[in-house]
Amino acid sequence: TQLLEQSPQFLSIQEGENLTVYCNSSSVFSSLQWYRQEPGEGPVLLVTVVTGGEVKKLKRLTFQFGDARKDSSLHITAAQPGDTGLYLCAVVNQAGTALIFGKGTTLSVSS
Amino acid sequence: ETGVTQTPRHLVMGMTNKKSLKCEQHLGHNAMYWYKQSAKKPLELMFVYSLEERVENNSVPSRFSPECPNSSHLFLHLHTLQPEDSALYLCASSQERTGGFNYGYTFGSGTRLTVV
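Line order of the protein sequences matches chains P and U.
Just so you know, we're using my numbering here: the first sequence kicks off at 1351 and counts up by one.
Just so you know, we're using my numbering here: the second sequence kicks off at -7 and counts up by one.
It is possible that some hints are incorrect.
Simulated crosslink set (DSS-like; lysine-lysine; CA at most 27 Å straight-line) [unchecked claim]:
1. U/11 to U/33
2. U/28 to P/1420
3. U/10 to P/1453
4. U/14 to P/1420
5. U/14 to P/1453
6. U/11 to P/1409
7. P/1420 to U/32
A partial selection of chain U residues facing chain P, derived with a Cβ cut-off under 7 Å [as the list claims (entries may be wrong)]:
8. 37
9. 94
10. 101
Just so you know, these hints were derived from the structure itself, not from any lab.
A quick note: this is a predicted structure, and the numbers were derived from the prediction, not measured.
Cβ coordinates follow ideal geometry from the N, Cα and C atoms, glycine included.
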């Protein structure tokens, strides 16, 4: 069974702080995606990582895929209130038919 | 309209009612999905349609019945639901995986369903 463990479950920080959230598994994946979901909306794709050790940057967000392609991290520099939301990691299921998701990290950034 | 549109946004129904959720995409995608999002649980995959054919029914009770009349529309028909079925129901679409590449999903805003 593929399981994606995300940590921490909740994170509440002040504007300007840095943070890192994690997505871990015992399985190896060909790719991994990160999504952000704001209250009352569906998840929105942020990035897809494919190669072990890959680092991708999206403005203040830095995504890394683990060397063994079993885990990933998302680092946010100088967090802003607009970063508030649920951050989800996702991989393709074993059947290859659809994405499965972790429980997510709920981030709250206050000004 | 662009993206994925879900209607209604909110639905309250009794356990004996029959209702339908609608999802529409104008992105030219050929795969569509239903997910259930409950508090403290990961998104749960319910159904997968690829090129209008159902390719996965993830052990979903028969009181949920999907329908995909064409590649742009997806429905979820509901009948005799239970209070524990109250959740956010999300529809998504994507290009079908090819060559092992996983295209991103575009989600709708969801239907918040409350069963009373």
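Quick rundown of the hints versus the structure:
1. This hinted pair checks out: residue 11 of chain U and residue 33 of chain U have alpha carbons roughly 24 Å apart, not beyond 27 Å.
2. Pair hint residue 28 of chain U plus residue 1420 of chain P holds up; C-alpha atoms about 25 Å apart against a cutoff of 27 Å.
3. For the suggested pair residue 10 of chain U and residue 1453 of chain P, the alpha carbons sit about 30 Å apart, so the restraint of at most 27 Å is broken.
4. For the hint pairing residue 14 of chain U with residue 1420 of chain P, the CA-to-CA distance comes to about 36 Å; that exceeds 27 Å, so the pair is violated.
5. Of the supplied pair hints, the one linking residue 14 of chain U and residue 1453 of chain P holds, its CA atoms being roughly 25 Å apart against a limit of 27 Å.
6. For the hint pairing residue 11 of chain U with residue 1409 of chain P, the CA-to-CA distance comes to about 43 Å; that exceeds 27 Å, so the pair is violated.
7. Of the supplied pair hints, the one linking residue 1420 of chain P and residue 32 of chain U holds, its CA atoms being roughly 23 Å apart against a limit of 27 Å.
8. A hinted interface residue such as residue 37 of chain U counts as satisfied when its beta carbon comes closer than 7 Å to some beta carbon of chain P; here the least separation is about 5 Å, so the hint holds.
9. A distance limit of 7 Å between C-beta atoms decides the matter here; for residue 94 of chain U the minimum to chain P is near 5 Å, and the interface restraint holds.
10. At its closest, the beta carbon of residue 101 of chain U sits 5 Å from a beta carbon of chain P; the interface hint therefore holds under the 7 Å criterion.
Of the hints listed earlier, those the structure fails to meet are numbers 3, 4 and 6, in rising order.
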